[in-house]
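Could you build all of it, start to finish, from the sequences and the hints given here?
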Amino acid sequence: MIDNIILRVRDLTKIFTLGNIFSRIKIVAVNKVSFDINQGEVFTLAGESGSGKTTVARIILGFHEPTSGKIEYMGKDITKLGKNDRKLIRREMQAIFQNPFESFNPLRKVSNYLYETLQNFNLIKGEMDEIVDNALKAVGLSLEEVKDKYPGEFSGGQLQRISVARALITSPNLLIADEPVSMIDASLRMSIINLFKELKEKKGVSIIYITHDLATAYYVSDRIAIMFRGEIVEEGSIEKVLMDPKHPYTMVLKESIPEADPKKRWAKQISILTTEEEEFLLKGCKFAKRCPYKMEKCEKEEVPTLDIDGRKVKCFLYV
Amino acid sequence: MEIVKVDKLKAYYILDIYGRKQIIQAVNGVTLEIRENEIYGIAGESGCGKSTLVKTLYGMIEPPLTLIDGNIFYRINGDLVSIFSLPNDRLQKLKWSFISYIPQGSMNVLNPVIKIIDSFWDFIGSHIEEKEKSSVEKSLNDFFNMLGLPSKILNAYPHQLSGGMRQRVIVALATFLNPKILIADEPTTALDVVAQRSVLQLLKSIQSLLNNTIILVTHDMGVHATISDRIGIMYAGNIIEEAETEELYENPLHPYTQYLIKSLPKIGDKSYKVSAPGTPPSLANPPSGCKFHPRCNYSMKECTENVPKFVEVKQNHKVACFLYSKEVDS
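Top line first, the protein sequences correspond to chains H and U.
Residue 1 is where the first sequence starts when you use our numbering, and the numbers rise one by one after that.
Residue 320 is where the second sequence starts when you use our numbering, and the numbers rise one by one after that.
If you are wondering where the hints come from, they were derived from the structure by calculation, not from laboratory data.
Just so you know, even glycine gets a beta-carbon here, dropped at the ideal spot from N, CA and C.
One thing to keep in mind: the hints can contain errors.
Stated by the list, open to error - Residues on chain U that point at chain H, a partial pick, calculated with CB under 8 angstroms:
(1) Phe-392
(2) Arg-394
(3) Val-432
(4) Lys-434
(5) Gln-520
(6) His-538
(7) Asp-539
(8) Tyr-578
(9) Leu-579
(10) Lys-592
(11) Ala-595
To be verified - Examples of chain U residues lying across from chain H (beta carbon under 10 angstroms, computed):
(12) Glu-381
(13) Pro-383
(14) Ser-458
(15) Leu-510
(16) Asp-511
(17) Glu-565
(18) Tyr-575
Below is the structure:
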């Protein structure tokens, strides 16, 4: 099992400082996050906005430096890499971002991005067209359809598929997809999600799928971690966490998804706080203010992470 | 009884780009009846014209948006009145008191440097007299309490509130004058699921409290399933299917609706889902005949030539597709 782990994240913490020299607030965007990614699995990082899921992805990709903690890729620490080493890692680790209209310059031909990726990684001299064409074929397009076209000539779904093709050019081992379908229309969304499934099954690529949409997460992933205010509150296999959630926050989250079934409508009212900042600054459990099972110690003491029923839960309820 | 009636409405964006004229057929012959006291959902992908449709319903037709044909009626005090026959000041008075409109991204409309209550006076100033201000403020407090919102947030600045709370404040303010119709355009799109649920529950409780009609526009079929009573599916500028929510989800007729509903992933269901092939058409240059035919598996010869008429094929279930009726739209 141990050789199977390709990415190991341990106690990752990122603190952002807000304000000026007179008044400063420290926001712990990511707080002691640990998880492992196995070869050939889809791992979902789920959570609401402000839960720190994108920050985790950006640290793994090297856009931010962590305040503390370790990230090991294939047994090698990648948090403090030089420029050249970082480039080697990028070859194996590629990213796909949320808004395909923003990831492409509207005044440049789309195919330039594909060729550029090849050149950046000195992959091949010669048969460049063939490699680009193969990458595009893997996502259901072809070089002929894409050649000499500008981003404005594609739909969002096509552009996002081209982003995936671009990421595939270096034959990466790990794809990090940050909300890849939230800008894509409902009728085209599943084509991207199915593409991820195919990549995992046919090429053994590991994927970190970052999303707030638990329904697509359930469809595509093997394991999931639920983040809340910078912490992982529950982590385990997708079946266990989503079908039988243990953490009160996961329960609220699952219950709040508007299901596409008119027979299941919400019975209970829920409450939300007026401000988010209060929750970040809580000492103990960040969910304590809204939690229906709140105990006295929840707001004061640090919450342990426990192994319950084959998943990890960060909650006093199960102590 | 219907409260809004739309008759063969056509509204196009007429653009003039460096002397080259371009026409975007955003609303192309919509016929629609929205009943009193219901939540009517309008669903469709981005660029299908759903926002333009509700904009025209609200009477907000400004260039480049141009009314080409058709009519819109409101039922005011029992009579159907065409909104295009009303003088401008009369239409102005109807806004917020008879029909309210919450546009997309409206949680960002609050002025960031003044308190929410002061923004509210800006919005509502034309409807109340200066001397009524204190009694209105009291009833506003009561209204907020009734909806379960803390009334102290009226004295807060917008940045002190989360997105979900701001959106709920906007919904509450827009319904304060007890409008008969509330149009909400993607009211929960930028929100997290928990905040989204709180806004939807607020809409629902306002509707049952005030007995008004809500026109809810969103692309999210999950939201429609949870809250809408009847749903109209829009594709390329027209409504192609309309039915009561349960009927539509159980028994979608139009091939596009079938794709839309069957491709939705659900927790607890790992069966393979496919999306509709191809991409949505450009409204500047839509395909001939039925606008879905290039993406449709059942496409026949007549689909490429004629536009199917929007007809009732079952009770309360209308569809525009030649698979169910051979009637041609003139």
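Now for the hints, and whether the structure bears them out:
Hint status for Phe-392 (chain U) relative to chain H: violated, with the closest Cβ pair at about 29 angstroms, above 8 angstroms. Evaluation of the Arg-394 (chain U) hint against chain H yields a violated restraint, the C-beta minimum of about 27 angstroms exceeding 8 angstroms. Interface restraint check for Val-432 (chain U): the shortest CB-CB distance to chain H comes to about 18 angstroms, outside 8 angstroms, so the restraint is violated. Below 8 angstroms, beta-carbon pairs count as interface contacts, and Lys-434 (chain U) has none with chain H, the closest being about 14 angstroms; its hint is therefore violated.
This hint holds: Gln-520 (chain U) has a C-beta 6 angstroms from the nearest C-beta of chain H, less than the 8 angstroms allowed. For His-538 (chain U), the suggested interface contact is upheld, since its CB lies about 6 angstroms from the closest CB of chain H, less than 8 angstroms. For Asp-539 (chain U), the interface hint holds, since its Cβ comes within 8 angstroms of a Cβ in chain H; the closest pair sits about 7 angstroms apart. The criterion of a C-beta within 8 angstroms of any C-beta in chain H is met by Tyr-578 (chain U), whose closest approach is roughly 6 angstroms, and the hint holds.
Of the supplied interface hints, the one on Leu-579 (chain U) holds, with its beta-carbon coming within about 6 angstroms of a beta-carbon of chain H, less than 8 angstroms. A cut of 8 angstroms between beta carbons decides the hint on Lys-592 (chain U): the least distance to chain H is about 5 angstroms, and the hint holds. At about 4 angstroms, the closest approach between the beta carbon of Ala-595 (chain U) and any beta carbon in chain H falls short of 8 angstroms, and the interface hint on this residue holds. For the restraint placing Glu-381 (chain U) at the interface with chain H, the shortest Cβ-Cβ distance is roughly 25 angstroms, beyond the 10 angstroms limit, so the hint is violated.
Nearest Cβ of chain H to the Cβ of Pro-383 (chain U): about 19 angstroms, over the 10 angstroms cut. The hint is violated. For the restraint placing Ser-458 (chain U) at the interface with chain H, the shortest Cβ-Cβ distance is roughly 22 angstroms, beyond the 10 angstroms limit, so the hint is violated. Nearest Cβ of chain H to the Cβ of Leu-510 (chain U): about 9 angstroms, under the 10 angstroms cut. The hint holds. A distance limit of 10 angstroms between C-beta atoms decides the matter here; for Asp-511 (chain U) the minimum to chain H is near 4 angstroms, and the interface restraint holds.
Taking 10 angstroms as the C-beta contact cut-off toward chain H, the hint placing Glu-565 (chain U) at the interface holds, the least distance being around 5 angstroms. Look at Tyr-575 (chain U): its Cβ gets to within about 8 angstroms of chain H, closer than 10 angstroms, so that hint holds up.
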